[in-house]
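Protein chains in written order, with the numbering used here: chain A, 1 to 340; chain B, 1001 to 1340; chain C, 2001 to 2328; chain D, 3001 to 3328.
The set of hints was computed from the structure by calculation and includes no laboratory data. Where hints are given, some of them may not hold.
[To be verified] With beta-carbon atoms standing in for the labels, derived distance ranges: (1) A:A25 - D:E3048: 56 to 64 Å; (2) D:G3075 - B:R1210: 32 to 40 Å; (3) C:P2126 - A:D75: 55 to 63 Å; (4) B:K1288 - D:D3196: 41 to 49 Å; (5) D:G3075 - A:P327: 45 to 53 Å; (6) B:K1288 - C:E2185: 24 to 32 Å; (7) A:E306 - B:R1210: 34 to 42 Å; (8) B:A1322 - C:A2247: 53 to 61 Å; (9) B:A1322 - C:P2126: 22 to 30 Å; (10) D:N3328 - A:H266: 43 to 51 Å.
All of these numbers come straight from a predicted model, not from anything done at the bench. Using N, Cα and C, we set each Cβ at its ideal position, and we do this for glycine too.
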Amino acid sequence: MSARPQPKLSPSPATAAARFPLDAATLRNYLRQIVMMREFERLGEREFKSGLIRGYYHSYAGQEAVGVGFVNSLDLNRDYIVDHYRDHGHMLLSGMDPERIYAELFGRRNGVSKGKGGSMHMYSPENHFLGGDGIVGGGIPVATGVGLALKQQKRDGISLSIFGDGALDTGTFHESLNMATLFQVPTVYLCINNMYSMGTSLARHSSMPRLVDRAQGYGMGTEQVDGQDVWATTEAAERIYARVRKQKKPYFVEVLTYRYQGHGIHDKALNYRTLEEETAWHERDPLKLLSSYMIEEKIMNRAEIEALRQEVVAELEAKVEAAKVEPEPDASELLEDVTL
Amino acid sequence: MSARPQPKLSPSPATAAARFPLDAATLRNYLRQIVMMREFERLGEREFKSGLIRGYYHSYAGQEAVGVGFVNSLDLNRDYIVDHYRDHGHMLLSGMDPERIYAELFGRRNGVSKGKGGSMHMYSPENHFLGGDGIVGGGIPVATGVGLALKQQKRDGISLSIFGDGALDTGTFHESLNMATLFQVPTVYLCINNMYSMGTSLARHSSMPRLVDRAQGYGMGTEQVDGQDVWATTEAAERIYARVRKQKKPYFVEVLTYRYQGHGIHDKALNYRTLEEETAWHERDPLKLLSSYMIEEKIMNRAEIEALRQEVVAELEAKVEAAKVEPEPDASELLEDVTL
Amino acid sequence: MIVKKSTHEALNMALREEMTRDERVVILGEEVGQYNGVHYVTRGLYAEFGKDRVMDTPISEESFVGIGVGMAIMGQRPVVEMMRMDFALRAMDQVYNHMAKIRYMSGGRLAVPMVLRGPEGPGPNPGLTAQHGQQLTAVFAHCPGLRVVSPSNQYDAKGMLKAAIRSDDPVVFLEPGPLNNKQGEVDDGEYLVPLDQADTKREGSDITLIGYGASVALCLQAAHELERDGVSAEVVDMRCLRPLDMAPALASVHKTNHAVVVDYAWQSYGPGAEIVARLMAEGFWDLEKPVTRVAGKETPLPYAANLEELSKPSVEEIVAEAKRSLGN
Amino acid sequence: MIVKKSTHEALNMALREEMTRDERVVILGEEVGQYNGVHYVTRGLYAEFGKDRVMDTPISEESFVGIGVGMAIMGQRPVVEMMRMDFALRAMDQVYNHMAKIRYMSGGRLAVPMVLRGPEGPGPNPGLTAQHGQQLTAVFAHCPGLRVVSPSNQYDAKGMLKAAIRSDDPVVFLEPGPLNNKQGEVDDGEYLVPLDQADTKREGSDITLIGYGASVALCLQAAHELERDGVSAEVVDMRCLRPLDMAPALASVHKTNHAVVVDYAWQSYGPGAEIVARLMAEGFWDLEKPVTRVAGKETPLPYAANLEELSKPSVEEIVAEAKRSLGN
Ligand SMILES: Cc1ncc(C[n+]2csc(CCOP(=O)(O)OP(=O)(O)O)c2C)c(N)n1
Ligand SMILES: Cc1ncc(C[n+]2csc(CCOP(=O)(O)OP(=O)(O)O)c2C)c(N)n1
Ligand SMILES: [Mg+2]
Ligand SMILES: [Mg+2]
């Protein structure tokens, strides 16, 4: 597996922060968001194991810095997100209430999708979050269409298309990026390269090791970004969005990160990757990088961080409990929301 | 339409020939082949208008030098072709009897596909010609599978996948080339860029003007070749095939040429292109380039060339007449060749 | 005012009227703009409405159907053309998993008001062959979340396409290929034809001939021939395949006690099967004889003229089947 | 020797035996190799036969089905796995226009001996939701040129998959998702189950319950319950959808005069419609009551546990429908 990309060496948080300073309040907020996303998944996986959540569960753990940069930097009064199935973190960052997300995961009638969608299929038009999607690459044309609609409606937002490294192998990626340039849509294609498409490493599913290299054929700007470092993702996101807003042209960005859990909750063996590799990535855990910087810079100390975590957990536990006791959908709802 | 690519300026035939000499016998053969393909289509279109041929008719006129280089240079004892629908020229070059092709176009039971396939769907396993195909991009994965089979069967042939510029916009192009590199198949992807996908010019359907630039993301060798000049196509084909045979890896080649007729026989208006453009391409007509060189070099004179043309026409007319009087399929054949 | 128009002209009127009425209506597809549409349906619209409302696409069916979905959830009203409906096989994931399902999967939070349209079946011209002349009606009609309709004449073509564009549901609008160049009466004024009502196209008392799309014309011809032999045939145009309106067919069978279902699609698992199954469930006690089917033969569409003819359902087969049912 | 195996183990035996017997048999699909198959069907084969015979593919369904077609026309015997059959919607053009049609379009000069296989319907695990738990049987079964089969138990699963691999026709092999982890008896020796024969799974005299794939288990349970109420139900497993073998169902209805067709697929335009239409045409005079259907509800598969249950056909519905038919 010599062709397997290693975590991108990037400057230490201190250097990154010097290059792109973020104020203490912002960092505190980011830290809280990362903790929230991480703990959300921990509780979700626990509830899955307890039998309350069924079907699929794709954890976002490890990838949080990507969302911190790329979702926070959007202006969700005018911008839109079209996501894939690994969507819990992005929903939280979009401002959706964790209780409604848990309720959906529990199949409750007050869930985001009235209990009909499940983990991969939540849509919150109020939050400009236009879905997860269970089909790899299936959301890429949809996001392109959202961009085209914004253009036709002469609105000044952009659309963010989120997908994994595996989606680069689907025809829709290729077709959509070609059309995005032809039609000049204001869409950012965000590839979250977490090194694996289910159990298949990048080297085994991609003809080229760098995904930016695979995105050269579409006449649009491209770049590769360190996805573990909130300064790097925030800087890239702000700069890229400003450019797309101004030029009204699409852009492709590959963000390098790692998922800590298996592909989904059923994927436990992880026989396709090594402990060394996992350890190397955990060294650059986004939560660790951020919190150690904050401790060093004396923005927060270890105890405060732990207190923050406990506060977040308490908040989430309350949401879990509240969602649990919500009612399931009424039987009559089976045949609603579809023309018969 | 400033972005529209112009015919690639290439050295005069004399210079080309000096760089890659072809002997007189070869040139005579190539000339005959080009005349054969050109006249085959002329008679075919005539028969379409007379009502004997129905459905679709996609003329190869103008593109003959591509086939001369890329089909002749194959070794069809071991190599295979998977073509798209603009396939008459390639079938002739593969050694298929024009009478059987006309018979298919006339819907006769002795046609290549027993009258069941028509213009786009002829298959001659004896000639290692594994079909035209009516679905744009539909043959690209099939050709890749043929390459993979050759590899698995430890045979030393290669497969040639032929498609147009429009096929670069289909997902199968992208998916297949990625897999071709992953699986290391001995397949040459030959894109015949005739500047139009039906009525849509390159600039209007492709995010980048050079198709080789769109094929950079697959980790395989690529190049662009002048498709009007038999020396250029022969040189490129021989070199590329030798490389693919040796390395057992895929390769992408874009050949620049022009179709003289409309997309199909129903496309007469051609309101999407200009007379100037057509004239510029006819200046570099493959037949003209080759015959003027041969005249200059005294390999054949004008009268001999005209005699050759008449001989070919007489031969083809005889085939047309013979095919015309062949019987149509028996009604019972409707339900044959399919499991009921 | 009633005018005589070809089907493609009727469809073109519908598009022009709706684009004029509602600027959210946009057209996407291959050669729909500058080329004016391979089957003429979009003729003149590019010149009239410009390239932002009539968008030529590359050969990327899956993705431009998906683009339509994205536009629709944002409130546009995209009308996406398949040059031939056969090519929708390329887009089936977007049709089944996105266009049809997003409303339900979102618990009704999003609507997908888009139209997917294009010609299907063996026509307008002969010799379309296996990959270009299929009738995939059943593939669409099986999918919950879609409305699936197919008009049988020019008047319905216009009124139903207008209704489809105004529908908040995703609509698959199947244009019978054999009808594309045929002429008939159209109202050049404003009218809609509902998307959920079958329609009796000819009254009769002895037997019911049931079709949709291009097979209605066969039924009407067969009815005409049967009349000469003293058989009075009623012709019901199912017109709306999903949801399927059985009322006129059931009412007719209640009267005639005999029925033949006629379909260009392959017989097995074709739309006709569903119609027969509903007649079984809801019309059984009215039937004196089993309902049978006349349909496309179960082969890819062959090229040779004689085989192609044989592969299609014919008036003679319908007449023979009707007579067999009536016992004469 | 008869052994107890889960369905995925039975399928795995079939693959292993055929790969051992014939080196032209190769497997392609997502996570079939190193990962050992998401539903365990290919478990151990990568280790045993190596990466050239068990090939992991990227997420490129349309193209790796096409690669299968290319290999098949060259004489290989590819078995292409869809991780879930839902994803075949991505590959529908290759399935309909290439895999199914090349033999006919070439006038019989080429054969396409390949198998497309994978799980369909709501299972093995619950909560698959709308894009992962569809049963698209009818979409495949409508297409001439394909053989389409779906086993209802472990024994058939093994024997039919072996027969599918040996068939010179392209075969779509639909593995009922709900059956994947269920155990049953399998012969660990060499045997084949034909691809064109329906099979009576239980004898009875009062009513015929007709199913295929996962719905056969529902029929058998319903028969069991009906027995307690003194109703003797025969259960026919259609098993081979294309070509469809009606003989056992017709023979059964001749005896029982009553039938219910049971199907996990959406009812409208589902496989059950074709079965009912054939019973109409060929069994009408044997029927005392109309044949009705118990099928999947016409919605995308919902997530909530109670809604998901309600969306599936149930034993209670079958029992109720049978009693209604029998007038008790
Ligand atoms: C069309 C399609 N094929 C296969 C799958 C099964 N599948 C779900 S996720 C996945 C891997 C995708 O990996 P990637 O795009 O890298 O995203 P990640 O899970 O790493 O976030 C696969 C194969 C699917 N959902 N859709
Ligand atoms: C999937 C699909 N979509 C659309 C078509 C209709 N169509 C046939 S050829 C063609 C243009 C293809 O152009 P190109 O690939 O450049 O080949 P050329 O005709 O120039 O040789 C189109 C749009 C088709 N046959 N298949
Ligand atoms: Mg990944
Ligand atoms: Mg072209």
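Pairwise beta carbon distance, A:A25 to D:E3048, judged against the given window 56 to 64 Å: Since A:A25 and D:E3048 have Cβ atoms about 59 Å apart, the given range 56 to 64 Å holds.
Cβ separation of D:G3075 and A:P327, checked against the hinted range 45 to 53 Å: 59 Å, violated
Honestly, do D:N3328 and A:H266 meet the 43 to 51 Å range at C-beta? The hinted range 43 to 51 Å holds for D:N3328 and A:H266, with Cβ atoms some 45 Å apart.
Looking only at beta-carbon atoms, does the pair B:A1322, C:P2126 fall within the given range of 22 to 30 Å? Holds: the Cβ-Cβ distance is about 24 Å, inside 22 to 30 Å.
Taking 53 to 61 Å as the stated bounds, is the beta-carbon spacing between B:A1322 and C:A2247 within them? 59 Å, holds
Supplied distance hint 41 to 49 Å, evaluated on CB atoms of B:K1288 and D:D3196: 59 Å, violated
Look at the Cβ atoms of D:G3075 and B:R1210 and judge whether their distance stays inside 32 to 40 Å. 38 Å, holds
Can you let me know if the beta-carbon spacing of C:P2126 and A:D75 is within 55 to 63 Å? 56 Å, holds
Indicate whether the distance between the beta carbons of B:K1288 and C:E2185 respects the range 24 to 32 Å. 54 Å, violated
Cβ separation of A:E306 and B:R1210, checked against the hinted range 34 to 42 Å: Distance hint for A:E306, B:R1210 is violated at roughly 57 Å.
Checked against the numbered hints above, the structure violates hints 4, 5, 6, 7; every other hint is satisfied.
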